[in-house]
Structures are given as structure tokens and as C-alpha cells.
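These protein sequence lines map, in sequence, to chains Z, S and P.
Just so you know, the first sequence maps onto residues 35 to 307 in our numbering.
Just so you know, the second sequence maps onto residues 35 to 307 in our numbering.
Just so you know, the third sequence maps onto residues 35 to 307 in our numbering.
Please note: incorrect hints may appear among the correct ones.
[As the list claims (entries may be wrong)] These stretches of chain Z come out as covered by chain P in the derived footprint (C-beta under 8 Å, 3 or more residues): (1) 43-57; (2) 64-70; (3) 83-95; (4) 98-104; (5) 182-193.
[As the list claims (entries may be wrong)] In silico DSSO-like pairs for lysine-lysine, Cα to Cα no more than 30 Å straight-line: (6) K300(Z) <-> K300(S); (7) K196(P) <-> K275(Z); (8) K275(Z) <-> K300(P); (9) K300(P) <-> K300(S); (10) K112(Z) <-> K177(Z); (11) K38(Z) <-> K275(S); (12) K275(S) <-> K38(S); (13) K214(Z) <-> K300(Z); (14) K275(Z) <-> K177(P); (15) K275(Z) <-> K196(S).
No lab work stands behind these hints, which were simulated from the structure alone.
C-beta atoms are modelled at their ideal positions from N, C-alpha and C, and glycine is treated no differently.
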Amino acid sequence: MLGKMLENVRASCPLIHNITNYVTVNDCANILLACGASPIMADDCAEAAEITSLCGGLNLNIGTLNSRTIESMLLAGKRANELGHPVVLDPVGVGASTLRTQTALELLAQLRLAVIRGNISEIKALASGSGTTKGVDADAADKVTEQTLSGVATFAKSFAEKTGAVIAITGAIDVVSDGKTAYCIRNGHPMMSSVTGTGCQLSAMTSAFVTATPDHPLEAAAAAVSAMGLAGEIAHQRLGKLDGNASYRNYIIDAIYRMTPDILEKGASYEVR
Amino acid sequence: MLGKMLENVRASCPLIHNITNYVTVNDCANILLACGASPIMADDCAEAAEITSLCGGLNLNIGTLNSRTIESMLLAGKRANELGHPVVLDPVGVGASTLRTQTALELLAQLRLAVIRGNISEIKALASGSGTTKGVDADAADKVTEQTLSGVATFAKSFAEKTGAVIAITGAIDVVSDGKTAYCIRNGHPMMSSVTGTGCQLSAMTSAFVTATPDHPLEAAAAAVSAMGLAGEIAHQRLGKLDGNASYRNYIIDAIYRMTPDILEKGASYEVR
Amino acid sequence: MLGKMLENVRASCPLIHNITNYVTVNDCANILLACGASPIMADDCAEAAEITSLCGGLNLNIGTLNSRTIESMLLAGKRANELGHPVVLDPVGVGASTLRTQTALELLAQLRLAVIRGNISEIKALASGSGTTKGVDADAADKVTEQTLSGVATFAKSFAEKTGAVIAITGAIDVVSDGKTAYCIRNGHPMMSSVTGTGCQLSAMTSAFVTATPDHPLEAAAAAVSAMGLAGEIAHQRLGKLDGNASYRNYIIDAIYRMTPDILEKGASYEVR
């Protein structure tokens, strides 16, 4: 099932409009190409809606937001909604500043989102309308573990139901829910947190997956999450004794490039609750 | 002949001012260093012209343009023209939005350009003043093939004559013309399109080549185009079975770093029409 | 002693707020993660001070400054000063434009800086209030050699005394002084200048080191400088015959990721004057 989602991306080559932070934008572009999609970045108000019209899906990431790009996100998001294009929101660092919290809440209020992807602290901050995230990483107190998993799945379902979006909470264990069902995904490797932007890359890739299979956003998002984690596992096996996080970054993207539907299908590790 | 162009870059170490998109800017900087040039990026109106004055050449790329950087491109371009510095334009995604089309046309109208480099859809959109590009990639219908090559060469010559700029159309077969002569270059590898920014990198490198040999912009641009394609071939041979587009990105820049005038001279595959 | 500085970073995982250029920002984030710190980038005036409050240290880099980010640097810097957080300034290209010179001088006048890190031309331009830097690289005439080292050390001491900041001048030989003592560091490799942003990365890493050991900013800065140079040496030994500056870039960050306090302690090459 998840393998089919990747197959659909490679078959349809969706064009994804990204309004994303400048820290990890190059990796987002390359991972989109790696999975079979095509990226375009455009963040000026004067062209945001028009570029969205050309594309199949939209990826909004508030990692280095500013007044100009916030307006572009709203313009592009509204146009995408009009056209029925899936919109993915990555609320990077929501809760870390009033600007981020207000912006994320405004995007949530004004747009119909297909998927919201973040770490547990970010999703909690978004759900509660406030929060104290430790910058862009999840708080230790929030970490998803076997003990807390059940509660996190319930929370994800409830927030998905409330927003109408698929909620993808990623961390040591990932939880993806559409309000009814929750995928609990155990792919990934702890070293992924030492590479900047694996979350941003995943959000970009999720946009491609839901654009390629718009009628199954839950399975599409779960497939993207599983594929990213699996790529982290494959890339980790490849590390030599001199390799560190920079080589790991490259190997993760390489693993997505080399991933086949069959590899994903066999390597995906998840349960459905 | 083309090898000599690379030799001139390495001998003169031209300093290149880049006003370019934030997606691929790091790769542009590293490929400039790889070919023997030195990059500086500065996009604020308050310093654009002054920074250009320090440099030998200017590279303008509209990939993530905004109102602030558009003004800076005009200011820097005019100063470069006053000083007789070569200006290269990469009209990324022209035709994909009104803003991009108008900006590219304004840069074309107001500046004397040494080289315009883009894919066939972009150059056609620029020549016609409108267009429907598929984001930042060439339309399938436009692809340069053996069948269409002759027509593309004629088009390139005619647009070069009209603009006074060397026109570099890159794709499966590259065509570089100054209005009289056309280089048809067969270096490169299809996998280059799975790496973001190979076009941007080539435009940056072209700026270095024409700055190092300003009296022969046609040969300089053809050498840069051929060098980039050859690097794509060399890098592709180096790929291991686990390598994907991220490693390929690094290997392409590495191949430029390791390229000698002799390697370029022997590896260049082109005919002059 | 220098090894202990790295140990402190890994033990305390300082969160560093970076307002830095978009050319090398991804490498800055990855090298912060590699050394054990955590990066956050935020450059909008509406959140700059608030984000700084969450963090332990602040890294200001004027590489692609603009009117919006200059204001954010001042806001974040003042807040960091109020909170007693170390602030590192990287005056990229100061002297190359009036905007850069004025901005760097304003930051110097308005903020209490823990460390100022630049090449010799940049630090001279900052000390004299004017200058003619060759873009972002040191002028050949300024290069630090065995012959000029003594004078450079005296200059660094004097500028450190005047500003109250540790001055880190990096080049073929690095000089780091707090006004009383000067570390003359001989780690590094000439090929590092063919990778864009090794200076920016070092400034980011220096922020992490001084944040982790705020009571010993001289030793912390010297340790960061030595670690970066040592990483350049280790990475250079790893280069294969096809590797160029792109692979070298990755290997340098990898070497920081793999560096232990013991490796740094044994590999550091310096004298204290």
C-alpha cells in the first residue's frame, strides 16, 4: 500500500510550490527531485498565487518567516484551496515566538490544510495556541515513547478531527492520523536529528506524496513519513567510520533517490491503530 | 580553444558578483570556487552597485526574485554596464509568472547583457515576451533533439543578433550562439536534471568564463557550457550503486574542481555551425 | 585545555540564534549540530529578540545583510546583551561597501561583543573604520605570515583591548586574543579557502563554544578556531583523487562531527604569546 504511494509520485511527477525557509531549501529541492517530483520556489506576493496555479501542490514552511513571505503563504494557500491543490503546513518552531505562533494559527484558520507535519512540541503548541518549544527541536518532556504513544495517537486523532487535516507528528516514533485511523511508524534513526532540515525535507516530500494521491492523504502522508525514516536507516548503514552528519545528509537524499516502491513496501515498519 | 577559456579563469581568478536565488546559492558559490573564480553575493539596493564595482563580472538570476532584489539587479546591472563588466542573465522560470516575465524583459531592455543562459522554454518565453513554462524545467514539447536542433540553432542566432548577447540554450543538446556562429554541444548526462540548480551553477560559471575572456564571449560561454556537461559525465561515471542525486551534486562540483584545460579540451564534444 | 572547551559544548548542547547570510546558512546549521550545539535561524524584526531570549548565544553575520536583517541584528544583539548571552560578530566583507562598513561599525558601537571573527582584511577594515577588502577574501597584501605574525598579534591584542571582545583573525596562521594573551594557531589547510563559508561556519561554531564556556571566551574561541583548522586537516587527508571542494566541504563538517576532546587536544597546534 505505501509502496504504491511512491509509485504514484514517480508516475505523475507532481510540481510542488514551496514557500520555505532559506536554511534547508536546497535539500528540500533535491529530495523532491529524488522522490520523482519537481520543485519550484517563489515567495514574493506578486507571484505567489500565480506560481501556485501552475503547480499541483503547495508546501508552506515557516522556518524563516518574515512579513513578506507570510503574506505570500496566505495568497498561495488561498489559491491552492480554490484550485483544490493539497496544502502542507510545516509549523517550524511554532511556540518559540509570538510571530510564529500567530502566523501558524492564522494559516490554520484561513486555509484548508491537507497535512500538518511537525514534531510533537510544535503540534502541541499549534493545538493549544501557545507553547514553549525549545527552538526547532522537540522538548525532551514531550518525546514520543512506547509509554506515551497511545496518548499521542489519541491527541493526533483528535487534532486531525478538529482541523480536517492529516496530522503527522514525527520523532522517535511517528504518528500520522486523519482523525479515524493512526499510523504508528517505527522507521528512522536517532542520528537524523543531527542533520538540519530532515523535517523540512519530509514536509516537502509529503506535499509530493499527497499531490500524487490526493484521495488518500492519510496513506500518502504515512508513506512519505515511512520513506524518510527508511532512508535514514539505509543511509545510516552506509556510513563509514569517517562519515558524519554532512555525509549522512547526502546519503539520506541518495536513499530516497534509489528507493523503489518495493523497497518502501518491505522496509516500512508500522502498525495501524 | 575551449581549454584555454578555463585556463584564463584559473589564471585571473575573477571576482563575480551574484544576485541569485537562495535555493542554489551555495552551489553557485562552490562551483565558482571550483573553476578558479571567487564569488560574492550581495542583493541589497544600498550596496548592489558598490559591490559590482569591486568585481569583474555580474551574474543575475531571477530564481527567487522579489521587489527588493529586482531593484538591486537593475542597479548592479547598470553599474556593470558603465564599467564594461560582463553581465550574465539567467531568466529562471520566465513565462511562469507575470512578475518573472516582466522582470526578465525589463532587465533585457535596460541592460547590455553579455550572455543569456536558460533552457529552451525560458529562452523562447523571453524572446516572445510571454510563455507557458512548466515551472523551472523545459516543456517536453520544446526539448532540443537532433530533429529540432537546426531550428533551435537558427532561433538562437536570431535572438542573439536581436539582443546583442550570446544566447546559451542548455538541455539534452546545448546551443550557444553570438548571432553568427552556433556551438552545438553534446556534453552532459540526463541525470543532471535530477540535481537542483545545475543551470544556476552553469550561469554563475559562465559569468566567470566571460569575465576572464571578455573579448571572446562566444567561446567563453561555450567552454563553460561544455565544462558543465563534461563534469556531469565524469561525475556520473563515479556514481556507486548507493549514490543518488545528492552525491551526484557533489561529484559534479568536484569534477569542475579537478578539471584541467587539457581535460576540457579533450572531453568537449561539439560542432560549430 | 582546548579539548575541554569542546567537551563543554557536547555536554551543554547550547542553542544558538543565527542571523546569518543565506549563502552558507545550511552549512552553519550542520556544523553547529556536528559540534553538539543546536541552531535556530530567525531574522525578522518581529521575532528576533524573542528568539534570542530562548537561546544561549547569538551569532551575527553580515554576509548578505539587508535593511530588514540589520535591524533584527541590533534588536537581537541588545536583548542578548541584556540577558548576558555571548554575541559573536562575523563582519563578512566589511570594507567592501559603505553599507557593510557602517553596519559593522554600528553593531560594534551598540553591542557588547564576546568575539569578533574575520580575516585580517576584515578586522583591519573594522578597526580603521574603512578599508578596501577584496570582496569576502583577505587581500594578498594583508596575509598573515611568519614575518607579519608578531605585528598581527600586537594588532589583535590592541583591538581586543579597545573593543573588549576577543578578536579572532583567521587565515594561514590564526591569531586569537583577548587583549592580554594571543593564541597563534597553525591548524588548517590552504584548500579550505576553496570551500565557501568555512569562515561563516567557524563563527557559528565559535558562538557555541563561547556559549558553553562563557567565563573563558579566549580559550573557547581558540578551541573553535583550532577545531575548524584541525577538521580541515583531517578532511584533507581523506580526499580521494576524484574529490574536490564539494566533497571537502562535507568531510570538514564530518570531521567536526567525529571530533572528540582528545582528538582536538592532541591535534591542536598553537603557541601562546
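| message | For K196(P) and K275(Z), compute the direct alpha-carbon distance and say whether it is at most 30 Å. | response | Violated - the C-alpha atoms of K275(Z) and K196(P) are around 45 Å apart, more than 30 Å.
**Asked** Straight-line Cα separation of K214(Z) and K300(Z) no greater than 30 Å?
**Response** 25 Å, holds
Open item on the list: Can you confirm whether chain P covers the stretch 182-193 of chain Z, using C-beta to C-beta distances below 8 Å and requiring at least three such residues?
Closed with: violated (count 0)
Regarding the pair K112(Z) and K177(Z), is the alpha-carbon distance no greater than 30 Å? 33 Å, violated
So if I understand the rule, the pair passes when the alpha-carbon distance is 30 Å or less; does K300(P) with K300(S) pass? 46 Å, violated
Between K275(S) and K38(S), does the CA-CA distance stay at or below 30 Å?
35 Å, violated
- Message: Please check whether the stretch 98-104 of chain Z has three or more residues whose CB lies within less than 8 Å of a CB on chain P.
- Response: holds (count 4)
Chain P covers the stretch 83-95 of chain Z, three or more CB atoms within 8 Å, holds or violated
Violated, because only 0 residues of the stretch 83-95 of chain Z bring their Cβ atoms closer than 8 Å to Cβ atoms of chain P.
Given that the stretch 43-57 of chain Z was listed as covered by chain P, double-check it with a C-beta distance under 8 Å for 3 or more residues.
Result for this restraint: holds, n = 3.
Query - K38(Z) paired with K275(S) [C-alpha distance capped at 30 Å] - result: Since the Cα atoms of K38(Z) and K275(S) sit roughly 23 Å apart, the hinted pair holds (cutoff 30 Å).
Take a quick look at whether K275(Z) and K196(S) sit within 30 Å of each other, Cα to Cα.
Given pair K275(Z), K196(S) is violated - Cα atoms ~57 Å apart, limit 30 Å.
Q | Pairwise hint evaluation, K300(P) against K275(Z), where the allowed Cα distance is 30 Å at most | A | This hinted pair holds, its Cα atoms lying about 19 Å apart.
Hints 2, 3, 5, 6, 7, 9, 10, 12, 14, 15 from the earlier list are contradicted by this structure; the remaining hints agree with it.
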